[in-house]
Amino acid sequence: GDSVTQTEGLVTLTKGLPVMLNCTYQTTYSPFLFWYVQHLNEAPKLLLKSSTDNKRTEHQGFYATLHKSSSSFHLQKSSVQLSDSALYFCALSDSSGSWQLIFGSGTQLTVMP
Amino acid sequence: NAGVIQTPRHKVTGKGQEATLWCEPISGHSAVFWYRQTIVQGLEFLTYFRNQAPIDDSGMPKERFSAQMPNQSHSTLKIQSTQPQDSAVYLCASSLETGEIGNQDTQYFGPGTRLLVL
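Heads up: the sequence lines are chains A and B, in that order.
Counting from 1, one number per residue, gives the positions in the first sequence under the numbering used here.
Counting from 1001, one number per residue, gives the positions in the second sequence under the numbering used here.
Every clue listed holds true.
Simulated DEER-style distance windows between Cβ atoms:
#, chain 1, residue 1, chain 2, residue 2, range
1, B, Arg1114, A, Met20, 27 to 33 Å
2, A, Ser83, B, Ser1081, 41 to 47 Å
3, A, Leu82, B, Thr1038, 24 to 30 Å
4, B, Ile1039, A, Gly61, 26 to 32 Å
5, B, Ile1039, A, Leu82, 22 to 28 Å
6, B, Ile1039, A, Lys45, 16 to 22 Å
7, B, Ile1039, A, Pro113, 25 to 31 Å
8, B, Thr1020, A, Asn54, 43 to 49 Å
9, A, Ser30, B, Arg1064, 33 to 39 Å
10, A, Ser30, B, Leu1096, 17 to 23 Å
Only pairs whose alpha carbons sit at most 20 Å apart, straight line, appear in this in silico EDC-like list of lysine to aspartate or glutamate:
#, chain 1, residue 1, chain 2, residue 2
11, A, Lys45, B, Glu1044
12, B, Lys1011, A, Glu42
13, A, Lys45, B, Asp1105
14, A, Lys45, B, Glu1024
15, A, Lys55, B, Asp1105
16, A, Lys68, A, Glu58
Chain B side only, calculated, beta carbon under 8 Å to chain A, not exhaustive:
#, residue
17, Tyr1048
18, Ile1055
19, Pro1111
Because the hints were derived from the structure by calculation, they are not lab data.
Since the structure is predicted, the reported quantities are computational estimates derived from the model, not experimental observations.
Don't be surprised by glycine CBs; every beta carbon is placed ideally from N, CA and C.
Chain B with its partners taken away, still in its complex shape (with noise of 0.2 Å):
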């Protein structure tokens, strides 16, 4: 079991290029989380999708972020017009969520993509 995969695992973008981080979920996992994590405000929800359908976007900033999964071994995280606040590291997690209320299982996360914007 490789464990979540996350590419690249550093990446620097000139302010206003677009930044596109992939991730690989644990194969079986059902649900795929993104979180953001900065020095300053820790680690924040992003989005997530389960069995490839997007359910929450609720911590998502509304513009210029975007997620999709196309597929159930992959996920993309996009960010246009990269700003110097953009800058973190992006996690991705992934969990075997049945979507059962009361049954949250583990989530596990990937390294991260550490994304610098100048």
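If we strip away everything but chain A, and leave its shape as in the complex, we get (with noise of 0.2 Å):
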């Protein structure tokens, strides 16, 4: 079945710094990957989705590119802020015709002054 990889539970950074946190994913058909940021006791938001392969997108500083040749979709920004402090989930949906989103374990990012 559809699983997606997150290898970092934690990452703490300093503001200004730049950031990227990983996201593989496996499917048998065509994926939509997607970026949910989780604030502390609020629900899920979208930051973040793709489906089309080598195309970066990009919102509130905030860039992937959905790569189907590798099975990746990582997340990155340039300088990290405080307000960033956050818990990333990548998530991937898929072209079976079930809409559900199968989450990675998530990253909790932590931005140090």
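Using the hints, put the two standalone chains together into the complex.
In structure tokens, the structure reads:
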């Protein structure tokens, strides 16, 4: 079945530094990839989504490119801010006809002053 | 747009009691999804409806859990004979899914119901 792997459970950075959160996936169908961000005690909110191979998608300073050849959709930002501290989930949906999201285990990003 | 509404926000039950969680999707959205979030298991899919019809319940525990969508404005998740391992945040999400292959729309999440089973 489908699966999503996020290798970093916890990332701590100083404000202003770049960040990359890894996401790889497995599916036998056409993939749709999403990044959701969840601040403490809040609902997950969509940050980015893509189904187009090799096309960069951007939102709120974050960006990611879906690479079907390597089954990856890594999230990046060039300069993190204190407000970026949150839990980030990579999620997969596919073309099988069920629109459920399969989530990775999440990466807790903490930005220090 | 009030977003997805979930009630109650917090619920405490004793072991063996029943818990009913409510979700009101965004008006006009045709798909409703239920997920469960725990520290250990992360975010897990439970079930979903499209145009009120159950489409996929592959994530639902086969015993004690049931979900319904009696009308387009609300869905319920019922847990019978609750157990401590049912303690979690239960998230409801809705989207504009048309059902067309290749048209994955964004799922908008509610704030969740935090269930604690003592």
